[in-house]
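Assemble the dimeric complex from its two separately framed chains, guided by the hints.
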Amino acid sequence: MSPLELLWLVALLPFLGAAANAALGPRVARHWTTAVGVGAPGLSLLIALGCLVEYAGRMAPEPFQRSFYTWTAGGLEIEAALLLDPLSAVMLFVVTFVGFWIHVYSVGYMGHEEGYQRYFVYLNLFMGAMLLLVLGANFLVTFVGWEGVGLCSYLLIGFYYEQRFPPYAGRKAFIVNRIGDFAFLVGLFALVAKFGSLDYQTVFSAVAADPEGVQGSYLLGLSFAGFVCLCLFVGAMGKSAQIPLYVWLPDAMAGPTPVSALIHAATMVTAGVYMVARSNALYQLAPGIGGFVAVIGALTAIFAATIGLAQTDIKKVLAYSTVSQLGYMFLAAGVGAYGAAIFHLGTHAFFKALLFLGSGSVIHAMGGEQDLTKMGGLKSKLPVTYRTMLVGTLAISGVPLLSGFFSKDQILAAAFEGSPILWVVGIVTAGLTACYMFRLLFLCFHGEFRGTEEQRSHLHESPPVMTWPLVVLAVGAVLAGYVGIPKLGHFDVNVFAKFLKPVFADVTGHGEAHHLSLGLELALMGLSVVVAGLGIWAAWKIYGPGKELEGGKAWAARFPALHRVLVHKYFVDEAYDRLLVAPAAALARGFWRIADGILIEGAVHAGPAVSRLAGELIRMTTTGNVRNYALYFLVGVLVLLAWLIGG
Amino acid sequence: MTVPAVWYLLLSAALFSIGTIGALWRRNAITIFLSIELMLNSVNLSLVAYARILAERSPELALDGQAIVFFVLAVAAAEAAVGLALFIAVYRNRRTIDVNRLDLMRW
Numbered sequence: 001m002s003p004l005e006l007l008w009l010v011a012l013l014p015f016l017g018a019a020a021n022a023a024l025g026p027r028v029a030r031h032w033t034t035a036v037g038v039g040a041p042g043l044s045l046l047i048a049l050g051c052l053v054e055y056a057g058r059m060a061p062e063p064f065q066r067s068f069y070t071w072t073a074g075g076l077e078i079e080a081a082l083l084l085d086p087l088s089a090v091m092l093f094v095v096t097f098v099g100f101w102i103h104v105y106s107v108g109y110m111g112h113e114e115g116y117q118r119y120f121v122y123l124n125l126f127m128g129a130m131l132l133l134v135l136g137a138n139f140l141v142t143f144v145g146w147e148g149v150g151l152c153s154y155l156l157i158g159f160y161y162e163q164r165f166p167p168y169a170g171r172k173a174f175i176v177n178r179i180g181d182f183a184f185l186v187g188l189f190a191l192v193a194k195f196g197s198l199d200y201q202t203v204f205s206a207v208a209a210d211p212e213g214v215q216g217s218y219l220l221g222l223s224f225a226g227f228v229c230l231c232l233f234v235g236a237m238g239k240s241a242q243i244p245l246y247v248w249l250p251d252a253m254a255g256p257t258p259v260s261a262l263i264h265a266a267t268m269v270t271a272g273v274y275m276v277a278r279s280n281a282l283y284q285l286a287p288g289i290g291g292f293v294a295v296i297g298a299l300t301a302i303f304a305a306t307i308g309l310a311q312t313d314i315k316k317v318l319a320y321s322t323v324s325q326l327g328y329m330f331l332a333a334g335v336g337a338y339g340a341a342i343f344h345l346g347t348h349a350f351f352k353a354l355l356f357l358g359s360g361s362v363i364h365a366m367g368g369e370q371d372l373t374k375m376g377g378l379k380s381k382l383p384v385t386y387r388t389m390l391v392g393t394l395a396i397s398g399v400p401l402l403s404g405f406f407s408k409d410q411i412l413a414a415a416f417e418g419s420p421i422l423w424v425v426g427i428v429t430a431g432l433t434a435c436y437m438f439r440l441l442f443l444c445f446h447g448e449f450r451g452t453e454e455q456r457s458h459l460h461e462s463p464p465v466m467t468w469p470l471v472v473l474a475v476g477a478v479l480a481g482y483v484g485i486p487k488l489g490h491f492d493v494n495v496f497a498k499f500l501k502p503v504f505a506d507v508t509g510h511g512e513a514h515h516l517s518l519g520l521e522l523a524l525m526g527l528s529v530v531v532a533g534l535g536i537w538a539a540w541k542i543y544g545p546g547k548e549l550e551g552g553k554a555w556a557a558r559f560p561a562l563h564r565v566l567v568h569k570y571f572v573d574e575a576y577d578r579l580l581v582a583p584a585a586a587l588a589r590g591f592w593r594i595a596d597g598i599l600i601e602g603a604v605h606a607g608p609a610v611s612r613l614a615g616e617l618i619r620m621t622t623t624g625n626v627r628n629y630a631l632y633f634l635v636g637v638l639v640l641l642a643w644l645i646g647g
Numbered sequence: 001m002t003v004p005a006v007w008y009l010l011l012s013a014a015l016f017s018i019g020t021i022g023a024l025w026r027r028n029a030i031t032i033f034l035s036i037e038l039m040l041n042s043v044n045l046s047l048v049a050y051a052r053i054l055a056e057r058s059p060e061l062a063l064d065g066q067a068i069v070f071f072v073l074a075v076a077a078a079e080a081a082v083g084l085a086l087f088i089a090v091y092r093n094r095r096t097i098d099v100n101r102l103d104l105m106r107w
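Taken in sequence, the protein lines are chains A and B. Counting in our numbering, the first sequence runs from 1 upward without gaps. Counting in our numbering, the second sequence runs from 1 upward without gaps.
Excised from the complex, chain B in its bound form (with noise of 0.2 Å):
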């Protein structure tokens, strides 16, 4: 038996609301940039999912949903690469990645 597609979608919802929620709430910078991940790969479950549902109705394209989420894979790592090295940064300069600390655009 296969898993209906609509359930990967609710994953992805529920996965994209708990990064949401995580970016909002939590305060360590590393913490908020992982809840980003997360939504981004739920983004990306839900890409393939749709590819999915795509590809019964209309085969010829079936590849295009499952193309973009190697772009999104793609911005995610370079993201992670410049994230990750402005928290090493800040954190030389600050000695915290607490973000609520990080308010010197303050007006």
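If we strip away everything but chain A, and leave its shape as in the complex, we get (with noise of 0.2 Å):
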């Protein structure tokens, strides 16, 4: 039997997994949770492992789609369907790969706390929904995927109920992402009304077959393309935290770290980047969505990375920079070069997700503490988190044979192609990422220790359980680049991109775009290095040994004003909070009140209200006095008498 058949197995077997723990129940053995939460996704990454063997060894690999159950709602039929081709594929091996060794991590993390077995109920949930969405063959199963991370992502933030900030966080993230997931269902209700199916083959391959019918004007003068693709994307901010829907992203850092990792870095907020690729037929057609997505993408890389060099919260440091980096990845999507996106997307998934381990392997070194400026000198007293990294520090900010190098290349040069301002702004983006993740690897590893001696004397190296998965991600960092090697010239040994080229083939009818000559790409290439180079060269002269924190606040000193907006964020949960969140509360206070208080308990009290009123007036005959009680008998028999005689 082909592995493929199995392939149902995949998503449902962390579903089992959070059943299995959640029957458990929190009394058990701890060794039984750690079992069925990382046995789960554990066996789903062989069974997918076995899946992509045999999907990709095959010589011209058909989309390979498995239907289990047809749901039919009036005339619209969906089938709660399995799908994978070489898009799905890719997500598919990052989500199962990154995944299982994150929950081994956990094992290590989150052995102390309460909660423990909760913890692995949520997080397998997780992966089985990010499975479901990036497994799923129709918008639908996509898009019930896409709510189930959301629902993980906010039961996970909110992980440590019993504090202040958490539940807060996981509640702003649910509600920011609705708004994106609003947007997304319009899209989908849009899909269902022209083509009466929300099936992505079905779907794409009627919009290749015609594409001057969806180009035609639809809707708030957008093509219908143009439609959906705003409506998707706008979807995707929400998930992917690109401007203005990111805020929810950085304060998503209050759930435990591997759920950083896992979650909120590689893999579901790039959900959104997967969701516009997977839609890249119609994106084609709607080339002025196309340029939106680029410019926002490119302004979010910008905007966050600058965030990201004053944040002194080694956890905000990476969130602004996983911000930045779904930046680029859109900027990549919005120019068409949906492959480098993707390329990205998994690439970004190894070193980040090995940037949050690490950072929570110091986290759990530090006995809980995250600012940066209590840290420094650990290069000693963590060999290994150190070593690894570094691996990932220098994977993200583009240093040549790393993967990080490989797949920012590509997207340089494909903004590049589609602007030139657009490639201004990536490659100063890259140079201010080299500078932030130096920045926060000085500060952290090198200098002098300058938190509390109690810190100090429990300064320890993380357990193999945690230090392994940091040596396979960064391993996975330094190798997954190798993959896409970009082209040059005639050299051209890029497995990664013919393998999904299938997924993205031309529906315009305009042909391949042109591509740069050898020389200029080398030259962009060659400039990118350069930039990598003095971002690091800048945090070596800030925050380099021996200046530590005196170099960065002597910067501050030089720009106050600039050091102040950037440290606040550029004010922008602020003025949220005064544009639009005191508003809907405001108008939440006055429902609360009128509404609630007024309207339907003055209702609910009417009730009770008008039977007392009734019971009062009765109370007043019943005296007690025999007389009377005689009068009322009498005046009855008199009414009755009249009745009898009258009636």
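What the hints contain is simulated information worked out from the structure, not anything from laboratory work. Treat the hints with caution; some may be incorrect.
To be verified - On the chain A side, residues computed to face chain B include the following (Cβ under 7 Å):
id: 1; residue: Leu587
id: 2; residue: Gly590
id: 3; residue: Thr623
Unchecked claim - In silico negatives: residues of chain B with every beta carbon more than 10 Å from chain A:
id: 4; residue: Ala23
id: 5; residue: Ala67
id: 6; residue: Leu84
id: 7; residue: Phe87
id: 8; residue: Thr96
Claimed, not checked - Across the chosen pairs, the derived CB separations fall in these ranges:
id: 9; chain 1: A; residue 1: Ile645; chain 2: B; residue 2: Arg92; range: 55 to 63 Å
id: 10; chain 1: B; residue 1: Arg92; chain 2: A; residue 2: Ala642; range: 39 to 47 Å
id: 11; chain 1: A; residue 1: Ile645; chain 2: B; residue 2: Pro59; range: 27 to 35 Å
id: 12; chain 1: A; residue 1: Ala614; chain 2: B; residue 2: Tyr91; range: 32 to 40 Å
id: 13; chain 1: A; residue 1: Val639; chain 2: B; residue 2: Ala62; range: 31 to 39 Å
id: 14; chain 1: A; residue 1: Ala614; chain 2: B; residue 2: Arg92; range: 38 to 46 Å
id: 15; chain 1: A; residue 1: Gly597; chain 2: B; residue 2: Arg101; range: 45 to 53 Å
id: 16; chain 1: A; residue 1: Ile645; chain 2: B; residue 2: Pro4; range: 21 to 29 Å
id: 17; chain 1: A; residue 1: Ile645; chain 2: B; residue 2: Tyr91; range: 40 to 48 Å
id: 18; chain 1: B; residue 1: Leu11; chain 2: A; residue 2: Ala614; range: 20 to 28 Å
Even for Gly, the Cβ is constructed at its ideal location relative to N, Cα and C.
Structure below.
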């Protein structure tokens, strides 16, 4: 039997794991929780690898689709079906592989925590929903997964529910995501109205067969393709934290660190990029929206990178870095380089998950401390963490021969083809990225230890169950780039692009875009290396050994206004609070006081009040005096008599 | 000469009304009780009168009305026994049988 026939198990196993752990409850011994919680995604990974080997080994892989149930609603038929094509194969690998190692890491990281079992229930549930998202064969199955991961994200951000901030951050993430999800749903409605189907293959082949059909004027001055693409992109903005809906992601760091690595760096937040790449047939026919996507991506990339420069919370730096890198992916998708976007998605999943897990290891060693200004000099105490994080930092900075270099270079080349301005923004961002990542590295691992004596005495390298995932991901962060070595002239070993090519087939009929000349491409590559080097050099100059905090303080003193703006993240949260949250809260309070407090409670209290009044009146007749009762009796008899005689 | 049956009925109505007014008006429980006895007996009188009227039309029903009177008398006797016992019990507790002052069941 072909392993592909077991594809459904890949998505089902994590759900079963979650159900089993939920049923076992929190009182079973921890190793049982661990066996179920890690075993389910582990088995899932093994089957997924089997599927991938089988699938990639085929000469010309046709998309593999299996339907399990057909849901009928009126004239609309939607299949609960899974699809394995090159795009979902890549996502499947990233999600199961990175996801499994983060599960392993969690065993060590969450080992001492209350709610260990609850954590694994949520994490397995997340894996299941994420796999449903990437394996869904139509928009609806993907949407179900999309909502599922949103729910798990909410649950895991608010994992430490006894504290004040995490539940708030969870609600914020959920509400901001709802805004995007609403637009996503509208897009799906438009698709159903037009094609009567949400199946990827049906919709996209209909689009490819009749490109003019979706380019006619539709709504709001947009073509049909434009409208749907805009709706889907707004959905992606929420899930993938793009301007203006990025605000939830930095706060999402309130969750446990492995959660940040899995959900808020490697997998869930890239779902928006996956969505856009999946719908590339439509995006190709809506060049205006593509440009919009690219501009939003570029703006988000540079905006978040500048904020990352000034943050002192180690996880906040990484969170803004994630927002920035997601902006990169959208920049690539916007200019039509879907392959580059997915490639960066994959490499980013490795090195960002690695960086988050590394920061988790540091936080673990520091006893929960996340403030970079209180760290320093951890290099000798946490050698494995330091080395693996160095690899991750080099990779994200775009140092040659590591994965980030290859993927970032492809994005920059594509951006240059799209518009040199986008390229400039991209390359400046690359420099900033190198700078803030090395700042983090220097502040955390170099120089003198700045924490308390108590923390110093507790410093220790994490147990092997945590360091092994770091090593595995570090290897991945180095090697993942080699599947997609950029094409240089006739030297083309980019198997990644070749593998994905059928998914990103041209539907516009204009043929392939022209490619940059070899010389220009090499020049761009060289420039990006130089800029990365400049970023690292700047970080060395400001935060390097012997300076650390002092260098940063000197620069902050030189540009106090700029520093203030960056530390406060451009005051975006404050502005949102004033402009959106406060009016919404006032409206809600109004509904509470007037609609609920006066109208509904009034109606509820009116019923008893009437009964009470009637009771008061009737009570007056109950005098306790037998003569009164006799009188009532007489009156009653007379009335009856009158009725009998008169009637 | 015989007295017409309707006179008995008129007398019965007059006695019943007197009994009713007495039962409502008086405050002494025993007087009320006596008034009720008066009402019962006025009803007895009307039953007997009707029995006479009925006997002229259908002789086989002549005794029905008179039979009911015996039931009423029996019940009234029982009632008198229970009622007087109650009044004595109430008087022992409250030192009065003025019904205006016996309003313990008041709200």
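B:Thr96: least C-beta distance to chain A exceeds 10 Å? At roughly 14 Å from the nearest Cβ of chain A, B:Thr96 sits farther out than 10 Å, so the non-interface label holds.
Cβ-Cβ distance between A:Ala614 and B:Tyr91: within 32 to 40 Å? Given about 38 Å between the Cβ atoms, the range holds.
Range hint 20 to 28 Å: satisfied by the CB atoms of B:Leu11 and A:Ala614? 45 Å, violated
Against the range 39 to 47 Å, how does the distance between the Cβ atoms of B:Arg92 and A:Ala642 compare: consistent or not? Once the Cβ atoms are compared, 42 Å apart, the range 39 to 47 Å for A:Ala642 and B:Arg92 holds.
Could one say that the CB atoms of A:Ala614 and B:Arg92 fall in the range 38 to 46 Å? 39 Å, holds
Verdict on B:Ala23 as a residue remote from chain A, using beta-carbon distances over 10 Å: 6 Å, violated
A range of 55 to 63 Å was offered for this pair. Does it hold for the Cβ distance of A:Ile645 and B:Arg92? Because 45 Å falls outside the window, the suggested range is violated.
If you check the beta carbons of A:Gly597 and B:Arg101, does the distance land in 45 to 53 Å? Between A:Gly597 and B:Arg101, where Cβ atoms are some 50 Å apart, the hint holds.
A:Gly590 was flagged as interface toward chain B. Is the shortest Cβ-Cβ separation under 7 Å? 43 Å, violated
Against chain A, does B:Phe87 hold up as non-interface, every C-beta pair farther apart than 10 Å? B:Phe87 clear of chain A: closest Cβ-Cβ about 12 Å, beyond 10 Å.
Check the following: the C-beta atoms of A:Val639 and B:Ala62 are separated by a distance inside 31 to 39 Å. Holds, at about 34 Å.
Distance restraint evaluation - A:Ile645, B:Pro59, Cβ atoms, bounds 27 to 35 Å: 29 Å, holds
The structure is inconsistent with the numbered hints 1, 2, 4, 9, 18, although it conforms to all the rest.
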